[in-house]
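Listed below are the residues making up each chain.
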Amino acid sequence: MTPMDEVIAQIPYAVFLGVRAECDETGGLLLLPFRDEIVGNVNLPAVHGGVVGAFLELTALLQLMEQGLERVPRPINFNIDFLRSVGPHDTRGRAEIVKHGRRIANVRVLAWQDDPTRPVAAGIGNFLL
Amino acid sequence: MMGHVPHCRLLGMKLVEAGPCTGTVSLPWQERLVGDPSRGVVFGGVITTLLDHACGLSVMCSLKEAVGIATLDLRIDYLRAAVPGAELFARAECYKSTGSVAFVRGTAWDADPDDPFATSLATFMLGAHTAGHGSLRAAVEREEPEGEQ
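In order, the protein sequences belong to chains A and B. For the first sequence, the residue numbers in the working numbering are 1 to 129. For the second sequence, the residue numbers in the working numbering are 1 to 149.
If we strip away everything but chain A, and leave its shape as in the complex, we get (with noise of 0.2 angstroms):
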């Protein structure tokens, strides 16, 4: 088990959606992979925006909590663009910590599917640590 997923193993819900670690040339990133069940849209199909919302906002924290906090940072806002269709793929998604202050953390993650390059949503956040 890597580190990060033992952080992963902590929070219900990241085990509910069923996320996974994975790593490439540039770094950590988080797995979503598809299934029937995040579905929003029937007709495209398409996943839950929700579903994008939170995998983001889990991807930001999972990479918090990563740096060794003592408790799990608290949400106080999340933004979130849907810059494409999020179609039944995997999707992938990676944070990057802006500023990592001593209350404050600000937190921005882009995710996609088949293609780095256009990405299918992207988010920023800060959270109270």
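One should not assume that every hint holds.
Label-pair distances were calculated between CB atoms; the ranges are [claimed, not checked]: (1) B:Gly85 with A:Gln10: 15 to 25 angstroms; (2) A:Ile104 with B:Arg39: 14 to 24 angstroms; (3) A:Pro3 with B:Ala111: 30 to 40 angstroms; (4) A:Pro33 with B:Arg9: 13 to 23 angstroms; (5) A:Ile104 with B:Ala66: 38 to 48 angstroms; (6) A:Asn43 with B:Ser100: 12 to 22 angstroms; (7) B:Asp115 with A:Glu6: 17 to 27 angstroms; (8) A:Asn106 with B:Leu121: 16 to 26 angstroms; (9) B:Val101 with A:Arg103: 31 to 41 angstroms; (10) B:Gln30 with A:Leu83: 50 to 60 angstroms.
Quick caveat, the hints were computed from the structure, so don't treat them as lab data. Built from N, CA and C at the ideal position, the CB exists for glycine as well.
Chain A is fixed; fit chain B onto it per the hints.
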């Protein structure tokens, strides 16, 4: 709007009230949706899902004809932690629609609608009125050929 949405079925989300430009939905307490086990507080993203759905519902209820809608952006402010063990509610109001974009605000609460634990602001694209570009649905289908699905 709820029963045929697979993710809403999975979460057990229920429609409380709809229309004319508003939507209210509820979510039963579930241990598996917790984000902070030390406090038993539901994960913020679950509240995002509840608010996003209420927002979409309010936009659908504001439409004069049925067209495809898509969330453009959504911002959530977490005012306080949701009470562990409580059923959660979200209500959204589509307060302005331009024909191509709809503007929505929402609140989420547990015990008292006047004491929300989260608020949201969202904008939605309305598919039928993108003159010269075809419908949003058609645009999405162009981007997602059937062979890839």
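Each hint tested on the structure:
1. B:Gly85 with A:Gln10: 15 to 25 angstroms: With Cβ atoms ~20 angstroms apart, the hint holds.
2. A:Ile104 with B:Arg39: 14 to 24 angstroms: Because 19 angstroms falls inside the window, the suggested range holds.
3. A:Pro3 with B:Ala111: 30 to 40 angstroms: With a Cβ separation near 38 angstroms, Pro3 of chain A and Ala111 of chain B satisfy 30 to 40 angstroms, so the hint holds.
4. A:Pro33 with B:Arg9: 13 to 23 angstroms: holds, 19 angstroms
5. A:Ile104 with B:Ala66: 38 to 48 angstroms: holds, 43 angstroms
6. A:Asn43 with B:Ser100: 12 to 22 angstroms: holds, 20 angstroms
7. B:Asp115 with A:Glu6: 17 to 27 angstroms: violated, 36 angstroms
8. A:Asn106 with B:Leu121: 16 to 26 angstroms: holds, 19 angstroms
9. B:Val101 with A:Arg103: 31 to 41 angstroms: holds, 36 angstroms
10. B:Gln30 with A:Leu83: 50 to 60 angstroms: violated, 30 angstroms
Going through the hint list in order, the structure does not satisfy hints 7, 10.
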